[in-house]
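J.: Protein chains in written order, with the working numbering: chain A, 1 to 241; chain B, 1001 to 1075; chain C, 2001 to 2247.
These aren't lab readings, by the way, just hints derived from the structure by calculation.
Any given hint could be a false lead.
To be verified - For the chain C half of the interface with chain A, some residues (derived, Cβ under 8 Å), not all of them:
(1) I2134
(2) F2140
(3) G2141
(4) A2144
(5) G2146
(6) V2167
(7) N2169
(8) W2180
Bear in mind that the values here come from a model prediction, so they are computed numbers and not experimental data.
Don't be surprised by glycine CBs; every beta carbon is placed ideally from N, CA and C.
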Amino acid sequence: MATEPVIGLRSPDLSVGTVTAMKAVFVRDLKTAFRQPQDLLNPLLFFVMVVTLFPLGVSPEVSFLQQAGSGILWVAALLSVLLSLDHLYRHDFDDGTLEQLVLQPQPLFLLVLAKSLAHWVLTGLPLVLLTPVLGIMVHMEGNSVVVLCLTLLIGTPVLSLIGSIGAALTLGLRSAGVLLSLLIIPLYIPVLIFGTGTVTAAAEGAPVEAQLALMGAFLVLALTLAPFASAAALRISLSNS
Amino acid sequence: MAFDSLGAFIAMEGHGPYVWTCYFVFFLLMGAISLWSLRQRRFVIEQQRRRTGSRAMPDNSPAGANFTRIEPSQD
Amino acid sequence: MWQIFHKLGSPKWFFGIASKLMPWLLWVGAAMLVAGIVWGLGFAPKDYLQGNSYRIIFIHVPAAFLAQSVYIMMAVAGLVTLVWRMKLADVFVRAVAPVGAILTFLALFTGAVWGKPTWGTWWIWDARLTSMLILLFLYFGVMALGAAISDEKSSARAVAVLVLVGVVNIPIIKYSVEWWNTLHQPATFKLTEKPSMPAEMWVPLLLSVLGLYLIFGWLACLRMQTEILVREGRTRWVKELVQARGN
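Chain A extracted, bound-state conformation (with noise of 0.2 Å):
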């Protein structure tokens, strides 16, 4: 009689690669963005109407918002992306998904990698998204846009990995939201500071490949360390709770 193994008893295979893992995380977080459409929309309306304000508030003159708008439209951005991230990982921390996470064999950071570019791709991306229509509301010529697209589409995802550190740190504190503002808008500088000033240096005509390349190291740099201090972050803050 041949032998055959029993199903029931043979011992399932648990171990799942690192990159599968990642990826079950990242299609987890937008499947569960999308069944809260709201959440989505927020920081996008946000962005919107703090655009808005600025011609209502400053002047809707066409000289003032051609010089502003990069500067606007980055200023704006970078609040909605800092709006949206203390749902980074709170929704997790209630559920005690994340504790799952934490206590996952692969590494860490890896997982809150792919996390903070399912935040990236939920957020920033719609942003840049939205960039052309209203890079045209405040009067930007048709290659500023496209620079400050660019700008916004390197920088974005900087601001999600930076912001993930931040999260990280401030969950389950109360006060979170100015907290984790607090801490991160100075981290934020320089990529506001060169997310713009590369759109200025292309409507006076400059070459912009050097900075765009800067800015492409500013995103590799976070890429690399981010991750690794968010992971602490996220342990640090498990254990207090």
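Fit chains B and C to the given chain A structure using the hints.
T.: Okay, now just chains B and C, sitting in the frame of chain A:
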């Protein structure tokens, strides 16, 4: 001496107010943080002393229930 | 080697050493600072370009210098907290963060007041002043996070992570602010950079920098002692020490 008189020293050729404001604020703030830190340490010592003092009282009382606190060294 | 290291980490040992060092730090530091300032104010020659307003340099530069190095010291202590879990390192970070913030504020304030006679306005978005302002924000962030987390151990480690993230960013911030400054303003002449400074100017400057360093050392020891007394209040040596001081 870079100045001829005390008046010239204080006036600093019109720059006096700026220079003296800076030095005043500098010494004010450094003095304030120093004094505050000193007072804080004195306050903490005082507080700890009161706490340990009240706990040391039973030693003088007549024999009875005697609780000895076991305090492992933590340094 | 490890024994020395452990000894260094012992609050009790530190408390004793600090008590012995503190009078020296305070008096030598104060003497050097006062000597540097008196020399700078009264005896150093006038600057040919800025006149007498440059005499602010003798407190501006020490404050700015120390403000930056205190943050770097905090980062080193943060690394020690994370790697070796040394309690004393966190005590240091807690004790000096407010001092660093005050020094940064002083550097900003004196820079702004100096700007009035030199540039004709109280504030210019000059590269140095701007990066100092950002440094002040970083100090506030450290203090706010430390105050927000009540658990001592996680608070220590969270603050250490934040300080380290900040210290990685400081050169990036400095560089980007300088780049931004050249983009937006024609080169104005800088407050503190001189092609060549005569010895009558830089010797008192050096004296006041070193003096302020020593005074900072005194303040750090004092504040660390306070923090240790609070944290180690239950240990026997603190109780004995407190009794001895009280009588």
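J.: Now look at each hint and say whether the structure bears it out.
T.: Checked hints:
no., hint, verdict
1, I2134, "5 Å, holds"
2, F2140, "7 Å, holds"
3, G2141, "4 Å, holds"
4, A2144, "5 Å, holds"
5, G2146, "11 Å, violated"
6, V2167, "11 Å, violated"
7, N2169, "5 Å, holds"
8, W2180, "4 Å, holds"
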